[in-house]
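Residue-level listing of the chains:
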Amino acid sequence: MNFWGYKRSDGRAGIRNHVLILPTCACGSETARVVASQVRGAVNIIFNTGCSDVAANTELSQKILTGFACNPNVFGVVIIGLGCETVPHAKLRGKIQAMTSKPVVSFGIQEEGGTLKTIEKAVRAARDLAAEAALQQKELCDISELLLGIECGGSDATSGIASNPAVGELSDKLVDLGASTLMSESIEWIGGEHVLARRAATPELHNRIIQICADYEAHLKAAGQDCRAGQPTPGNKDGGLSTIDEKSLGCIRKGGTRPIVEVLNQAERPTKRGAIVMDTAGYDISSVTSMVAAGCNAIIFTTGRGTPTGNAIVPVLKVTANAKTYSWMEDNIDVDLSGIIAGTLTIGEAGELLLGKVHDVCNGRLTKAEAYGFSDVAVDHVCRFV
Amino acid sequence: MTNAILLDAKDNVATCTAAASKGDTIKILGGGEIICAEDIPVWHKVALRAIGKGDKVFKYGEVIGEASADIAEGVWVSHENIFSVPRDYNSELI
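Which chain is which? The protein sequence lines are F and Z, in order.
Residues in the first sequence are numbered from 1 upward in steps of one, following my numbering.
Residues in the second sequence are numbered from 1 upward in steps of one, following my numbering.
The shape of chain F in the complex, shown without the other chains (with noise of 0.2 Å):
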């Protein structure tokens, strides 16, 4: 199976061609929405983390910004900074383009003299780097190119029982024709760390599993967090699910059947193609958040009582089993999988069905989040997200 991107010099294909219009921190985001306003082609993220902060958050914040950047779908950046932010433009854009080849250029609100000179140049920057943009042509790439992320949020009982089946029954037809699938929320595995341990690839893969489940644990503890307290979350619970072993053994039904051949940490890029795991919290925002950074170049999302969410880098694709859920907020959800439940469709019948829209995605259709223009991001923190 091959779809239509663009090919990137790090050999990797995206299936969009953005320029990223990216602040540093909290400081630069207004600037760089304004800016990505007056070019088309261009997209932004508001970035509330950034500077201020201990070593461990800058650290991840960095990791999100530099791997935002390196993203496949992006095809050139303009980095907004303030100027005395824990890690200036000017240190960003080196550390953006020791990683990567693509354009990337940068400004600092106090060295241009205020936001509307800044704004005036890096519109002028962004401007260049559409125009350029827009003329590279797609090429016909091997779907083995793909990095799906898979998600989940605002989970009820339809969840577990139908469209996460049938993602995971997805990810194994992508897995089987070479694709890569990344599934993460890492808090949502326990009760079930036992069943997806099962699928490592590895005895070490297996184990690793298990210890990211039980250090998580450890962690909300020693933040006075009972985690069983802050999972499920009220809205699961009215869905119907009354416990984190019974959110968390419906939740990893999404990730398929195939052998998890990776275990990474929170926004780290894949070495390995195949089924993918990733450490991150189970607050859907973020954890979308690390997996765009890690170089997804689209997420699947199911969802049992709706959501709006949506990322400005990669198109989200959001699906449901919760027929009234469907109707109710079709505005906001793409495939409608309510079906399972009617008896009107099989698992492997959806799995094939979401393997089109993924396809159709990879080629350009714009899912309804990407068109309204939404760009959620939140960055986990050393007190972690439940």
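For the record, the hints were derived by calculation from the structure and aren't laboratory data.
Be a bit skeptical, because a hint or two may be false.
Said to hold, decoys possible - Derived lysine to any residue pairs resembling SDA-like cross-links, with alpha carbons at most 25 Å apart:
1. F/LYS95 to F/PRO270
2. F/LYS237 to Z/SER78
3. Z/LYS56 to Z/ASN81
4. F/LYS117 to F/LYS237
5. Z/LYS53 to F/ASP226
6. F/LYS63 to F/ILE285
7. Z/LYS10 to Z/LEU29
8. F/LYS221 to Z/GLU92
9. F/LYS237 to Z/ASN81
10. F/LYS324 to Z/LYS27
11. Z/LYS56 to Z/MET1
12. F/LYS221 to Z/SER91
13. F/LYS324 to Z/ILE28
14. F/LYS121 to F/GLY94
15. F/LYS237 to Z/ASN3
What the hints assert, rightly or not - Sample of chain F residues at the chain Z side, in silico, Cβ under 10 Å:
16. ILE210
17. GLU217
18. CYS227
Remember, it's a predicted structure, so these values are computed and weren't measured experimentally.
C-beta: ideal position from N, C-alpha, C; glycine also.
Use these hints to put chain Z onto chain F, whose structure you have.
Leaving out everything else, chain Z in the frame of chain F:
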């Protein structure tokens, strides 16, 4: 009649695909019928047989928690009457 989905033969709960009222007959997709003992919201679980306080509750063929009270057949199973048991991670390492 309301349907409920049974995911594994080992399970002692099933998931209702529509709201069930007390006295309704619930058809278990996967085998059998049960009389609903109290009102149960859509997507919530019904006990397929009596579950004693401290007994394990199974869904997906796996333990999803333990009963914090005696649960009679046909009763609504939720976070109000089951709880998650901490894991013994060391025993899971290989």
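Structure-based check of each hint:
no.	hint	result
1	F/LYS95 to F/PRO270	holds (19 Å)
2	F/LYS237 to Z/SER78	holds (8 Å)
3	Z/LYS56 to Z/ASN81	holds (12 Å)
4	F/LYS117 to F/LYS237	violated (51 Å)
5	Z/LYS53 to F/ASP226	holds (23 Å)
6	F/LYS63 to F/ILE285	holds (16 Å)
7	Z/LYS10 to Z/LEU29	holds (14 Å)
8	F/LYS221 to Z/GLU92	holds (20 Å)
9	F/LYS237 to Z/ASN81	holds (12 Å)
10	F/LYS324 to Z/LYS27	holds (21 Å)
11	Z/LYS56 to Z/MET1	violated (28 Å)
12	F/LYS221 to Z/SER91	holds (20 Å)
13	F/LYS324 to Z/ILE28	holds (22 Å)
14	F/LYS121 to F/GLY94	holds (19 Å)
15	F/LYS237 to Z/ASN3	holds (20 Å)
16	ILE210	holds (5 Å)
17	GLU217	holds (8 Å)
18	CYS227	holds (9 Å)
Against the hints set out earlier in the document, violations occur for numbers 4 and 11.
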